[in-house]
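Q: Protein chains in written order, with numbering that gives the first Met the number 0: chain A, 0 to 386; chain B, 0 to 386.
Check before you lean on any hint, since a few could be wrong.
Chain copies aren't distinguished; within one or between two, either way the pair holds.
What the hints assert, rightly or not - In silico SDA-like links for lysine to any residue, alpha-carbon gap of 25 angstroms or less:
| # | residue 1 | residue 2 |
| --- | --- | --- |
| 1 | K73 | T16 |
| 2 | K242 | Q263 |
| 3 | K73 | Q15 |
| 4 | K184 | H230 |
| 5 | K219 | H230 |
| 6 | K184 | R269 |
| 7 | K242 | R298 |
| 8 | K289 | H230 |
Keep in mind that the hints were calculated from the coordinates and are not lab data.
These are the residues of each chain, in order.
There are 2 protein chains.
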Amino acid sequence: MPQPFAADSVGLVTAQTLHFDTPLELACGRVLDEYDLVVETYGELNADKSNAVLICHALSGNHHAAGYYSEDDKKPGWWDNYIGPGKPIDTNQFFVVSLNNLGGCHGSTGPKSINPATGKPWGRDFPPLRVRDWVHSQARLADHLGIEQWAAVVGGSLGGMQAMRWALEYPDRLRYCVVIASAMKLTAQNIAFNETARQAIQTDPNYRDGHYLDEDTYPKGGLSIARMIGHITYLSDDGMGQKFGRELRSGSFQQGIDEPVEFQIESYLRHQGNVFSDVFDANTYLLMTKALDYFDLAREYGDNPVAAFQGAKCKFLVVSFTTDWRFSPERSREIVNALIGADKQVSYAEVESEYGHDAFLIPIERYYSLFQRYMGNIASEIQGQSS
Amino acid sequence: MPQPFAADSVGLVTAQTLHFDTPLELACGRVLDEYDLVVETYGELNADKSNAVLICHALSGNHHAAGYYSEDDKKPGWWDNYIGPGKPIDTNQFFVVSLNNLGGCHGSTGPKSINPATGKPWGRDFPPLRVRDWVHSQARLADHLGIEQWAAVVGGSLGGMQAMRWALEYPDRLRYCVVIASAMKLTAQNIAFNETARQAIQTDPNYRDGHYLDEDTYPKGGLSIARMIGHITYLSDDGMGQKFGRELRSGSFQQGIDEPVEFQIESYLRHQGNVFSDVFDANTYLLMTKALDYFDLAREYGDNPVAAFQGAKCKFLVVSFTTDWRFSPERSREIVNALIGADKQVSYAEVESEYGHDAFLIPIERYYSLFQRYMGNIASEIQGQSS
Numbered sequence: 000m001p002q003p004f005a006a007d008s009v010g011l012v013t014a015q016t017l018h019f020d021t022p023l024e025l026a027c028g029r030v031l032d033e034y035d036l037v038v039e040t041y042g043e044l045n046a047d048k049s050n051a052v053l054i055c056h057a058l059s060g061n062h063h064a065a066g067y068y069s070e071d072d073k074k075p076g077w078w079d080n081y082i083g084p085g086k087p088i089d090t091n092q093f094f095v096v097s098l099n100n101l102g103g104c105h106g107s108t109g110p111k112s113i114n115p116a117t118g119k120p121w122g123r124d125f126p127p128l129r130v131r132d133w134v135h136s137q138a139r140l141a142d143h144l145g146i147e148q149w150a151a152v153v154g155g156s157l158g159g160m161q162a163m164r165w166a167l168e169y170p171d172r173l174r175y176c177v178v179i180a181s182a183m184k185l186t187a188q189n190i191a192f193n194e195t196a197r198q199a200i201q202t203d204p205n206y207r208d209g210h211y212l213d214e215d216t217y218p219k220g221g222l223s224i225a226r227m228i229g230h231i232t233y234l235s236d237d238g239m240g241q242k243f244g245r246e247l248r249s250g251s252f253q254q255g256i257d258e259p260v261e262f263q264i265e266s267y268l269r270h271q272g273n274v275f276s277d278v279f280d281a282n283t284y285l286l287m288t289k290a291l292d293y294f295d296l297a298r299e300y301g302d303n304p305v306a307a308f309q310g311a312k313c314k315f316l317v318v319s320f321t322t323d324w325r326f327s328p329e330r331s332r333e334i335v336n337a338l339i340g341a342d343k344q345v346s347y348a349e350v351e352s353e354y355g356h357d358a359f360l361i362p363i364e365r366y367y368s369l370f371q372r373y374m375g376n377i378a379s380e381i382q383g384q385s386s
Numbered sequence: 000m001p002q003p004f005a006a007d008s009v010g011l012v013t014a015q016t017l018h019f020d021t022p023l024e025l026a027c028g029r030v031l032d033e034y035d036l037v038v039e040t041y042g043e044l045n046a047d048k049s050n051a052v053l054i055c056h057a058l059s060g061n062h063h064a065a066g067y068y069s070e071d072d073k074k075p076g077w078w079d080n081y082i083g084p085g086k087p088i089d090t091n092q093f094f095v096v097s098l099n100n101l102g103g104c105h106g107s108t109g110p111k112s113i114n115p116a117t118g119k120p121w122g123r124d125f126p127p128l129r130v131r132d133w134v135h136s137q138a139r140l141a142d143h144l145g146i147e148q149w150a151a152v153v154g155g156s157l158g159g160m161q162a163m164r165w166a167l168e169y170p171d172r173l174r175y176c177v178v179i180a181s182a183m184k185l186t187a188q189n190i191a192f193n194e195t196a197r198q199a200i201q202t203d204p205n206y207r208d209g210h211y212l213d214e215d216t217y218p219k220g221g222l223s224i225a226r227m228i229g230h231i232t233y234l235s236d237d238g239m240g241q242k243f244g245r246e247l248r249s250g251s252f253q254q255g256i257d258e259p260v261e262f263q264i265e266s267y268l269r270h271q272g273n274v275f276s277d278v279f280d281a282n283t284y285l286l287m288t289k290a291l292d293y294f295d296l297a298r299e300y301g302d303n304p305v306a307a308f309q310g311a312k313c314k315f316l317v318v319s320f321t322t323d324w325r326f327s328p329e330r331s332r333e334i335v336n337a338l339i340g341a342d343k344q345v346s347y348a349e350v351e352s353e354y355g356h357d358a359f360l361i362p363i364e365r366y367y368s369l370f371q372r373y374m375g376n377i378a379s380e381i382q383g384q385s386s
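Only chain A is shown next, with the shape it has when bound in the complex:
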């Protein structure tokens, strides 16, 4: 019988729901008395529990980072390119933990969950979250799994913000911090795009002040627009040009033809918006973009990033991509400069790529090989200390 999955795939995976009943105090001042986190793990935890890697997801991510849910499953997890046996995050070496963050819409407690106080979905009444809240809930998850220290905390984009916050909040609980295509804080332009996306959702008449689930409606149109805006900013101008150019989906571009002409990029974007708005929750989108906007690594350190990183004890890998204009290489260099200023060990790579911000998800030779080498060194270090 042929193997249904490639040799470097983690193959079939199952998500599990973990329940936490110790109240979690949030940055906003409110308290979540209990909550669920949906988790997937790949690989085996070693005897001294030193080989665990935490994957932090980005804006629209979830716990399903690698593998397949069934043999017919067409699409693997979102970071399957980088997680698996022999891949950079090598499941022969590491015990990989991936969760759906609190406030998410894929099973972890969030706006779609029932608010115990009302018996109805939280909707927009779900507490606003900050990146640090996710980090605290992830620390509880580590406790639950018996993991005292992560071999590495790894994340791209919003996930990289979580990884950096880990280094500041729990300096003893991670050896390595991998920050990919991220930033210490958003620019005004980033916030502007996020706000426009939020407005598209909130002005959709079906948004119903955030209680659409109660009223059995859904702001699908607004969420589609939000996703289209996001999607443009994840791709580079050049990459988009190479992929779509001004190619027409069909029809004619002749004069004298009064027919709607449609460029491929148009139907592609509409399709992306449409698919996304079928599977994602609008309130979660609002919550996640707000967490992005709020994030400001050095704010409580007198806006001094060097001071912010002073207490960190882990080593850092920072990666950026040339055509990423949402989290440009300049933002990564700011992180690197702050780490150097704070006398931390940091490796940095700016990877040539045409894929814009999305590059962190895509197999790119130089990125793949440097990431593999870096993670391989971590695996060797752990093995050396375990044996």
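We have chain A already, so just place chain B on it with the hints.
A: Structure of chain B alone, referenced to chain A:
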């Protein structure tokens, strides 16, 4: 009595509506039997009618390019910085003609006008327009004014596209062509932003398939989102950062405060969207963005821009701005290279500016002075030939 307006202002202006009843055949194959154009003029036409300058407006522009409508009028026309006595487009030297393009929503025949066939507003049934249609209607306007040849046709952004098309369609009817912050065609990313804006309008339930005027509704929400998207792309990332940074409008950014935090950029953008959607017509916005997307200067010249410009007889000034990422300097250099390839006279300036695409509207010293000198030379040339 003190003068109510500055010495370099054109002062009080009045718009006039001109009616055209010779049918205009459009690029789409349909015919407009008659139409109105709303026009403003500044300065005096000289005896041999050689000093006329045509101003072509951009996406959201109109005929009111300079001056004031009353002594209490707070806001002058959209290009008042550059049109007036002693300004680059010097109304002591030139007779300046500015119109609201066909399909517009400020008085010229467009989607808000009554369709004679139905007695109701055209709405989305108004014929789709191409840049060449505007140029043809502007040529009729020149005929009406007795202007055989423009001293210059001048435009920024979509206006620059009209100026270039003039040089190709009516090579004998302009001496100079001034193309500012423009492009020979949009990139896929440009089209993507336009399409997202259109989707925001068209999925607004109040859009009513484009017949909102009939049904006494208005897709204000969708048009606001469209404008917000546009506005972000008109500004530069750095410029936005310098103007707004991460400054808060009010409220607190402390932990433990469960209050909505709002960045200044957010309220600014919402305000922009709100104001614009009160005064602009949604169908005109769709029509204008489609004309932008369709524009492809060299398409019918075998995609060869050099061949496209071959028949042009005027001289060219091309201007771009360093932080303009909507119509980047690269796009302007493509125009310049094509003109050089076609052996045309062209001057080019790439102006340092932090204002993104909006720079073409803003007083910037180097831009102002080179524009002034260029136009001054044109004025001298005309005077030399008239005398």
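Q: All hints, please: hold or fail.
A: Tested hints:
no. : hint        : result
1   : K73 x T16   : within (23 angstroms within a copy, 61 angstroms between copies)
2   : K242 x Q263 : within (9 angstroms within a copy, 36 angstroms between copies)
3   : K73 x Q15   : within (21 angstroms within a copy, 63 angstroms between copies)
4   : K184 x H230 : both (20 angstroms within a copy, 22 angstroms between copies)
5   : K219 x H230 : both (16 angstroms within a copy, 24 angstroms between copies)
6   : K184 x R269 : between (29 angstroms within a copy, 22 angstroms between copies)
7   : K242 x R298 : between (39 angstroms within a copy, 20 angstroms between copies)
8   : K289 x H230 : both (17 angstroms within a copy, 21 angstroms between copies)
Hint violations for this structure: none, all hints satisfied.
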